[in-house]
Amino acid sequence: MTLHVTNTLTGEREPFEPQDPENVLLYYCGLTVSDPPHLGHARSWVHVDVMHRWLEYLGYDVRHVENFTDINEKIVARVGEDDLGEGEADVAETYIERTLADMRSLNLLRAEVYPRVSEHVPEIIDLVETLVEKGYAYESNGSVYFDVTQFEEYGKLSNQELDEIESQGDPDERSEKRNPADFALWKAGGVDAEAIEEHRHEGAAPAEEACETARTWDSPWGEGRPGWHIECSAMSTTHLGETLDVHVGGRDLVFPHHENEVAQSEAATGQQFAKYWLHCELFQMDEEKMSSSLGNFVTVDEAIDRWGTNVMRTFLTAGSYNSQQLYSDETIAEAEERWDRLERAHESAVEALDAPDARTKVEDEALRETVDDARDAFVEAMNDDFNTREAQSALLQVATAVNAHLEGRDEYDYRGLRNAVETLEELGDVLGLSFVGETTGSADLAGDVVELVLGVREREREAGNYERADELRDELQALGVEVQDTDDGATYRLPSGE
RNA sequence: GCCAAGGUGGCAGAGUCCGGCCGAACGCAGCGGCCUGCAGAGCCGCCCACCGCCGGUUCAAAUCCGGCCCUUGGCUCCA
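Heads up: the first sequence is residues 1 to 498, going by the UniProt record's numbering.
It is worth saying that the hints were derived from the structure and are not from the lab.
Don't take each hint at face value.
What the hints assert, rightly or not - With a cut-off of at most 30 angstroms between alpha-carbon atoms, the simulated DSS-like pairs for lysine-lysine come out as follows:
#1 K156 <-> K177
#2 K187 <-> K177
#3 K156 <-> K187
#4 K74 <-> K187
#5 K156 <-> K275
#6 K156 <-> K134
#7 K177 <-> K74
#8 K156 <-> K289
Stated by the list, open to error - What follows is a set of in silico ranges between Cβ atoms, one per label pair, in the way DEER data are often shown:
#9 R341 <-> S293: 32 to 38 angstroms
#10 K361 <-> R341: 46 to 52 angstroms
#11 V113 <-> T360: 46 to 52 angstroms
#12 E17 <-> E198: 41 to 47 angstroms
#13 T10 <-> A333: 35 to 41 angstroms
#14 P356 <-> N403: 19 to 25 angstroms
#15 A358 <-> G11: 28 to 34 angstroms
#16 E81 <-> R389: 47 to 53 angstroms
#17 S434 <-> S293: 51 to 57 angstroms
All C-beta atoms in this analysis are idealised placements derived from N, C-alpha and C, irrespective of residue type, glycine included.
Generate coordinates for the entire structure from the input sequences, incorporating the hints supplied.
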C-alpha cells in the first residue's frame, strides 16, 4: 500500500504523489515568536517531524522549510519584559533561540531552512507589487490590501462562500478596505500603541516606547510593515518554488491565514500553491483548546524537564495528527506507561543478546512471526495518513512478543531477538523514539551511586535482613529510581528525563 | 448563523474512505493464576461495548444512505 493523506483542500484521503517522484517539498507554517512554545506547538512539530521521517523512510528526499514570523505587534508588546530584549528584533531573537532549543530537546529533525520574515521583506514587496500590477491588490493610504473579489476561488480551502465571509466582517473596521474580507498585504507606518495594548504583560516597556522599536521598511507605498499572511507566500516561494507538495499547519490557521496564502500565491503565480494541505488538530484541555492567547498552556521545556523526550513524543503521537487530543495528567501518564513498556522490553532483549551464551540455534516461530506482522502493521498504519497511534500499537506488539519469548526460558532465539530489537529501534526512530541513552548506564554518577546502594541492599538480602533491604528499595523509589529484583540480581531505572 | 471535525468499554483511543477477518486493536485501570522472601516488572487468562438516537439499503452495517440530538474547532490573536 502506498501513502495516503487527508487533504484539507479536497476534504478527501488521496494517494500521495509529489510533483517529482523522488523529492518532497514540505512547508510548515511556523510560529509567531511572541510567546514561549507550548505543548500545542510541540504536538504539531512532532507530527510534522514524523511525517518528515516517514517520507524519508519511504525513500523520498525531503526539503523541509519552517518559518519564523518575527515581525508582529505581539512581539513589540513584549519589549522590555523580563530579559526578553530591548526591541522587537531582540525579543524575536530570544524566542527564536528558545524555540530552536525546544525543538532540539524534542528530538526533531532539523528543517533545511528556517526563514525569517525580517530577512524576506524585499521578496514580500516584490510579491505585493506583482499583485497590484495584476489587479488583485490596491493601495489605500499607504497600505496595500488584497481584493478578495478579484480571486474567484477565494474560500476554496476553508470551503466557505465569499458572501458568507463578507457578512462576518466588522463593519466599523478600516474604511480603507473595499470589501470587509479584504486583508492587508502591507501596512503603512509603524506600530501604534493602541494596537499592542491588549497584548502587553506586566513588566513590559511602556507601549509608546516599545512601538518605537518596531521595524519599518521602505516600499513603493512609503514606510511600512508586511501584513500577516503575505510572508508565508513569499518565503515558501523563495525557498521551495511556486508549487509546494505539502503545506502543514495547525487547524486554527485554515481561515483566514492559509486561505489568504492560497489567494495571494495563486493570484500572483497562476500556479497551484500547494498540492496537499495537511492540518494538525489541537489539544483539548477540559473544555477548550490549549493556546497562547488563552494562557492555559504548559511550555515545552517544562514538559521535557518533567517527563523526558521519549515520554513526550509517545504522548504527542498518541492520536492521529488530524484528530483532536485530550490533554490531561491521565493521558500523559498512560503514554508514559506505554513508553516504559517499550523501553523495558527493548532493554531485556538487549541484555539477553549480550549474555555470554546467547548465540543459540533455538527458533521461536511465534516471536518471529509476531515481529514480522508488527512491522507490516506499522508500515500500513503510517501509510494510512500517518496513523501514529496504530503505529505505536504495532511497536507494543513487538514488546509483548519479546517479553513472552523471554519468559521462563533458558535459551533464547538469538536471531529472532536481534530482529525484534532492530525492529523496535528502526520503527521507533520513525516516531523519533530513542532507545539509546535512556537505558541504565553505569557511566554516569547517579547510576554508579544507585548500583552502590543496590550492592549494599543485596548483602542485606543475602543475610535475610529483608526489612532493611526493603527500606533501601523504598528510599530509592522515593527518589524516583525504580528497582526490580530479577533472577540475575536487581536492575534499576533512573527517573525519566535524567 | 455559516464552515469543518467528532460522538466506540471504567479511562484513553484505533477501526468508518474499500460493508463480512469487529462476538470491535493497543495501552491503562480492575479481577484470577504463574513467578517472587515481599514488592515491582513480566507471562497466561478474564471482566467491561447491543459502536449517540431513529429510520432505510443489504444475505450481511460501528462501517453505506436519510433525519435528529449532542460535543469540539474555525469564522480575521492563535500550531
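Results for each hint:
Straight-line distance between C-alpha atoms of K156 and K177 comes to about 22 angstroms, which keeps the hinted pair within the 30 angstroms bound. As the CA atoms of K187 and K177 are separated by approximately 12 angstroms, the hinted pair is consistent with the 30 angstroms bound. A threshold of 30 angstroms between alpha carbons decides the hint, and for K156 with K187 the separation of about 26 angstroms falls inside it, so the pair holds. Distance check on the hinted pair: K74 and K187 sit about 15 angstroms apart at the alpha-carbon level, within 30 angstroms; holds.
This hinted pair checks out: K156 and K275 have alpha carbons roughly 13 angstroms apart, not beyond 30 angstroms. Of the pairs offered as hints, the one joining K156 and K134 holds, with about 21 angstroms between alpha carbons and a cut-off of 30 angstroms not exceeded. Among the hinted pairs, K177 with K74 is consistent with the structure: their alpha-carbon atoms are about 23 angstroms apart, no more than 30 angstroms. Restraint check for K156 and K289: satisfied, since their Cα atoms lie roughly 25 angstroms apart, inside the 30 angstroms limit.
Restraint check, R341 to S293: a C-beta distance of roughly 37 angstroms satisfies the suggested window 32 to 38 angstroms. Restraint check, K361 to R341: a C-beta distance of roughly 29 angstroms breaks the suggested window 46 to 52 angstroms. At about 51 angstroms, the beta-carbon gap between V113 and T360 stays in the expected band of 46 to 52 angstroms. As the Cβ distance of E17 to E198 is approximately 45 angstroms, the hint placing it in 41 to 47 angstroms holds.
A hinted range of 35 to 41 angstroms for the beta carbons of T10 and A333 is consistent with their spacing of about 38 angstroms. Taken as a hint, the range 19 to 25 angstroms holds for the pair P356 and N403, whose Cβ atoms sit roughly 22 angstroms apart. The supplied range of 28 to 34 angstroms is broken by A358 and G11, whose beta-carbon atoms lie about 53 angstroms from each other. Distance hint for E81 and R389: a CB-CB separation of about 39 angstroms, inconsistent with the stated range 47 to 53 angstroms.
Taking the beta carbon of each, S434 and S293 are about 33 angstroms apart, not inside 51 to 57 angstroms as hinted.
Comparing the model with each earlier hint shows violations of hints 10, 15, 16 and 17; every other hint is respected.
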